[in-house]
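Chains as they are written, first to last, in our numbering: chain A, 595 to 897; chain B, 595 to 897.
Simulated from the structure, these hints should not be mistaken for lab results. Bear in mind the structure is a predicted one, so any value in this text is a computation, not a measurement. Each hint should be verified, as a subset may be incorrect.
Dumping the calculated DSS-like pairs for lysine-lysine here, alpha-carbon to alpha-carbon at most 27 Å [stated by the list, open to error]:
| hint | chain 1 | residue 1 | chain 2 | residue 2 |
| --- | --- | --- | --- | --- |
| 1 | A | K651 | A | K688 |
| 2 | B | K651 | A | K688 |
| 3 | A | K688 | A | K640 |
| 4 | A | K621 | A | K640 |
| 5 | A | K651 | A | K752 |
| 6 | B | K688 | A | K688 |
| 7 | A | K596 | A | K640 |
| 8 | A | K651 | B | K752 |
| 9 | B | K872 | B | K688 |
Some chain B residues near chain A, calculated using beta-carbon distances under 10 Å [what the hints assert, rightly or not]:
| hint | residue |
| --- | --- |
| 10 | R728 |
| 11 | I837 |
| 12 | G840 |
Now the stretches of chain A that chain B is said to cover, found in silico as 3 or more residues with beta-carbon under 8 Å [stated by the list, open to error]:
| hint | region |
| --- | --- |
| 13 | 687-700 |
| 14 | 738-746 |
Glycine residues also receive a C-beta, built at the ideal position from the N, C-alpha and C atoms.
Protein chains: 2
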Amino acid sequence: MKTVLVTGAAGFIGGHTLQRLATRGYKVEAVSRVAHPSSDAVCWRKADILDIDTVEKLIYEVRPTHLLHLAWITEHGIYWNAPENVEWLIASLKLLELFGRAGGERAVGLGTCAEYDWSAPPPFCEATTPLLPRNLYGAAKNSLSLMQSQIGRHFHFKQAWCRPFFLYGPGENPSRLVPSLACSLLRGESTVCRDPNAIRDFLHVNDIAEAIATVLDSDYEGAVNLSSGHGTEIGEIANMLSILVGRPTAISHDRNAHDGGSLVGDASVLTSLGFLPKFDLRSGLADTVEWWRDRLRAAPEGC
Amino acid sequence: MKTVLVTGAAGFIGGHTLQRLATRGYKVEAVSRVAHPSSDAVCWRKADILDIDTVEKLIYEVRPTHLLHLAWITEHGIYWNAPENVEWLIASLKLLELFGRAGGERAVGLGTCAEYDWSAPPPFCEATTPLLPRNLYGAAKNSLSLMQSQIGRHFHFKQAWCRPFFLYGPGENPSRLVPSLACSLLRGESTVCRDPNAIRDFLHVNDIAEAIATVLDSDYEGAVNLSSGHGTEIGEIANMLSILVGRPTAISHDRNAHDGGSLVGDASVLTSLGFLPKFDLRSGLADTVEWWRDRLRAAPEGC
Numbered sequence: 595m596k597t598v599l600v601t602g603a604a605g606f607i608g609g610h611t612l613q614r615l616a617t618r619g620y621k622v623e624a625v626s627r628v629a630h631p632s633s634d635a636v637c638w639r640k641a642d643i644l645d646i647d648t649v650e651k652l653i654y655e656v657r658p659t660h661l662l663h664l665a666w667i668t669e670h671g672i673y674w675n676a677p678e679n680v681e682w683l684i685a686s687l688k689l690l691e692l693f694g695r696a697g698g699e700r701a702v703g704l705g706t707c708a709e710y711d712w713s714a715p716p717p718f719c720e721a722t723t724p725l726l727p728r729n730l731y732g733a734a735k736n737s738l739s740l741m742q743s744q745i746g747r748h749f750h751f752k753q754a755w756c757r758p759f760f761l762y763g764p765g766e767n768p769s770r771l772v773p774s775l776a777c778s779l780l781r782g783e784s785t786v787c788r789d790p791n792a793i794r795d796f797l798h799v800n801d802i803a804e805a806i807a808t809v810l811d812s813d814y815e816g817a818v819n820l821s822s823g824h825g826t827e828i829g830e831i832a833n834m835l836s837i838l839v840g841r842p843t844a845i846s847h848d849r850n851a852h853d854g855g856s857l858v859g860d861a862s863v864l865t866s867l868g869f870l871p872k873f874d875l876r877s878g879l880a881d882t883v884e885w886w887r888d889r890l891r892a893a894p895e896g897c
Numbered sequence: 595m596k597t598v599l600v601t602g603a604a605g606f607i608g609g610h611t612l613q614r615l616a617t618r619g620y621k622v623e624a625v626s627r628v629a630h631p632s633s634d635a636v637c638w639r640k641a642d643i644l645d646i647d648t649v650e651k652l653i654y655e656v657r658p659t660h661l662l663h664l665a666w667i668t669e670h671g672i673y674w675n676a677p678e679n680v681e682w683l684i685a686s687l688k689l690l691e692l693f694g695r696a697g698g699e700r701a702v703g704l705g706t707c708a709e710y711d712w713s714a715p716p717p718f719c720e721a722t723t724p725l726l727p728r729n730l731y732g733a734a735k736n737s738l739s740l741m742q743s744q745i746g747r748h749f750h751f752k753q754a755w756c757r758p759f760f761l762y763g764p765g766e767n768p769s770r771l772v773p774s775l776a777c778s779l780l781r782g783e784s785t786v787c788r789d790p791n792a793i794r795d796f797l798h799v800n801d802i803a804e805a806i807a808t809v810l811d812s813d814y815e816g817a818v819n820l821s822s823g824h825g826t827e828i829g830e831i832a833n834m835l836s837i838l839v840g841r842p843t844a845i846s847h848d849r850n851a852h853d854g855g856s857l858v859g860d861a862s863v864l865t866s867l868g869f870l871p872k873f874d875l876r877s878g879l880a881d882t883v884e885w886w887r888d889r890l891r892a893a894p895e896g897c
């Protein structure tokens, strides 16, 4: 029996991942700082990953064959440069070492496109684009990636490292780009798109979750971009959202915006594992707008 | 007053560094797991860097303006792949964070040439040679380098990262290359040089220590190779040692040795800081042979 321990299981990505893993035949042990009721598909465990004693107990109770480590500080506007990234790196190193010592077989970690040198020409490739993190978040994730590969080698477990680019979808923190624009539009407000020239590579969170499940279920070792391979201007995303909501003139673009650069991930490694996204950007944004529309109907202050 | 906290102060490099720092006007606070008597130049403190509570107490007692972090697992034949590298990385991250929180101004860490991709063409340059550590030691050091630069940025301290290539000199662990050859020769034994074709970049430990003091005393930020810029075949070093001892035919070369590659560090950054080595390889090896000769006279079993 494959048993996967999922940290950050109640988070934006984690929440979309658990059922997929159960469907693929994993016994799913989901970890969160907050208690959740278990189901047939998912056994929830309340634990703080930053507490080493708790993690040790957890690993020896669960005896996971697989580890999907999603937990990290993700507080919007804070996490890029928060010193808590050091604590999360330390906790993650200990988690990986304990997983190895307990006989774990395969670990998948969650990195970030901020590990790459953002001044490199897009699309960013796992094998050839230089890594040059420029903040604590990117540095801590990149450090963990280096260490995961060597800890895995030492303890003889396989490992892969997912580097998500940009994501959106139901359940996202409402202060982030797509929900903040969508909710403004749905509330009838006018708003400004601040970074319309920036080109970003977006995937719907359902596709991100399916991609992660695909990586976990494969034998692939090393880094893999979670990306579509295609860039879209943020201004174009704002336009698509305003058309979807039926208010095509409600978003103005900041005309003084600087060139926001192009952050696009080559998706060929991910594609080679058999993954294809279900959503294109238009259908994914439509799905997201409908989710927020329902949510606002139920609780108008909810976003 | 500049106060420098030196970890690993009783080690091979640390031992050659302390007096130099005192001469440059630093109040020297030297840390070792073993007690040492303090002098006018050096205040010794017995502490285990792997114990976070001890480190916290130490930082708040000493209030260092400067940190020279040399301590690490260095057990010959073990340290490349020992899981203790994870513990040292964790302890070093905490040390840097505490140093930053306590108002530290400048940190210098000790990396390794094993951070570089050894298949890259020599000489290895700080700015252009890809980093690709292939063992736990190299990965942990490279991770710490990434994190040091970002922890420094967060807490507003300056930082540099020394990458020593190969070193030798008085006091080295006798199981390592130069002392093992020198002692065999001095004892009248015949011996085999196993890796004669490998090209390596060697500096005498006195020069390494002076280079580290130069880096600490400078405003330079980022990585700096501690290297001579010149490669020498290991077989040539063996020949020089055998001539110095007066037994020119006592070392045979392994004729089946593989191509050991070339690990040479570009020294132009270090040179730009005003450092020039005092020893060339011949005078440095002569100095080393004399040290071992004295040592063997005093204690024939000592090497």
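Status of the hints after comparison with the structure:
1. A threshold of 27 Å between alpha carbons decides the hint, and for A/K651 with A/K688 the separation of about 12 Å falls inside it, so the pair holds.
2. Our distance criterion of 27 Å between C-alpha atoms is met by B/K651 and A/K688, whose separation comes to about 23 Å.
3. Proximity of A/K688 to A/K640 is assessed by CA-CA distance (about 18 Å); at most 27 Å being required, the pair is judged to hold.
4. About 17 Å separates the Cα atoms of A/K621 and A/K640, which keeps this hinted pair within 27 Å; it holds.
5. With a C-alpha separation of about 23 Å, the suggested pair A/K651 and A/K752 falls inside the 27 Å cut-off, and the hint holds.
6. For a cut-off of 27 Å, the pair hint linking B/K688 to A/K688 stands: about 14 Å separates their Cα positions.
7. As the CA atoms of A/K596 and A/K640 are separated by approximately 21 Å, the hinted pair is consistent with the 27 Å bound.
8. In summary, the hint linking A/K651 to B/K752 is not supported, as the alpha carbons are separated by about 39 Å, beyond the 27 Å threshold.
9. Distance hint between B/K872 and B/K688 is unfulfilled; the C-alpha atoms sit about 36 Å from each other, more than 27 Å.
10. Nearest Cβ of chain A to the Cβ of B/R728: about 8 Å, under the 10 Å cut. The hint holds.
11. A hinted interface residue such as B/I837 counts as satisfied when its beta carbon comes closer than 10 Å to some beta carbon of chain A; here the least separation is about 41 Å, so the hint is violated.
12. Annotation: B/G840 was flagged as interfacial toward chain A, and the flag is violated, the nearest CB pair being 45 Å apart, outside 10 Å.
13. Counting residues of the region 687-700 of chain A whose C-beta lies closer than 8 Å to any C-beta of chain B gives 3; at least three are required, and the coverage claim holds.
14. For the region 738-746 of chain A, the stated coverage by chain B holds: 6 residues have a C-beta nearer than 8 Å to a C-beta of that chain, and at least 3 were required.
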